[in-house]
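Asker: Residue numbers (the numbering used here), protein chains in the order written: chain A, 1 to 195; chain B, 1 to 195.
If you're looking for bench data, these hints aren't it; they were derived computationally from the structure. Be aware that a few hints might be false.
Note: identical chains are not told apart, hence a pair may lie in one copy or across any two.
Here are the simulated lysine-lysine pairs, DSS-like style, with alpha carbons at most 25 Å apart [said to hold, decoys possible]: (1) Lys112 with Lys101; (2) Lys112 with Lys185; (3) Lys112 with Lys95; (4) Lys160 with Lys2.
Spelled out from the first residue to the last, the chains are:
Number of protein chains: 2
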Amino acid sequence: MKLLEDRIREDGVVLAGDVLKVNQFLNHQIDPALMYALGQEFSRLYKEEKVTKILTVESSGIAPAIMTGLLMHVPVVFAKKQKSSTLNGGLYTAKVYSYTKQVENTIAVDTKFLNAADNVLIVDDFLANGQAVTGLLDICKLAHAQVAGVGIAIEKSFQKGADLIRDRGVRLESLARISSFEGNKVHFVGSTEND
Amino acid sequence: MKLLEDRIREDGVVLAGDVLKVNQFLNHQIDPALMYALGQEFSRLYKEEKVTKILTVESSGIAPAIMTGLLMHVPVVFAKKQKSSTLNGGLYTAKVYSYTKQVENTIAVDTKFLNAADNVLIVDDFLANGQAVTGLLDICKLAHAQVAGVGIAIEKSFQKGADLIRDRGVRLESLARISSFEGNKVHFVGSTEND
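Using the sequences and the accompanying hints, generate a full structural model.
Answerer: Have a look at this one:
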């Protein structure tokens, strides 16, 4: 998606360790019009899939997820991050390891909000090692929900997350796919503008 | 706002200790069309105010805030909750006590995203004791930003938050104002449907 690639080129900041900072428009300050455009694109890509629910994880997945839900006319559920893995009644939980923060979190969804009648579109802002999305897939499995696919704003294609998802037989659509960083430059998969 | 009051009557669950659970449509599962309607209302109420930025706090403030930002054509900034109050360079921070969870959090906003040229509309899902909004007001003060006002989805008018905000001379607009609970019934300020 050219709009998103252009915005990453313009406002993204590449830090040491292949970290891309996009807090200018995606995960601290948010550009609502851009989120709406992402929602339009996810909605277009998955329009044949009879999606019943959007699933994401707090906090930065919420903005693109809510726009997708608005445009697909379905509810959005966000998994909550919990410190402990204490089992609570009435929750589907999954463990998610954060490579960035080097901590393991438990994410949880109330069993009321996901069930076997659901066909879920998972939406998130970032895909790197795929831990968050894998946790969301685990939660869908616990709920016996179908998964229509995964929609990601920014994928770091050189990390293992994309393969992890495809290995599970799940459709993945990422709107900007980063192949590599070079200094402060971002190269995208299949882009001709890798100057 | 009748639409929101009706939804609270229909799907809200009153728990012990005057806790209203609205995780069916606001803070776990989210109804995007309702969030859009809240955004329309905040946008209408503050349309004369030359708002430059929406400020909220993760996570459940993000959905109504992003719709308000979309409709007012301004960026949204969400304050991040941090465990420690360790001073980090480049952040405006405020302490926020959560009565529900009985913990003190620090909320933080990158100094890049708020400054003296801003006229801020603070948006949040809930107003009870006013700790989160007070923290956001403190952050605006640190940034020397103007505050156009505060927009709240659900206000518990019998708790102290609303007064705390008005005592600071800040305009407050709450779309559903709860005067009391009676068993599982919710009474609203000024509503004629308190049956």
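Asker: Taking the numbered hints from earlier one at a time, note which ones the structure violates and give those numbers from smallest to largest.
Answerer: none
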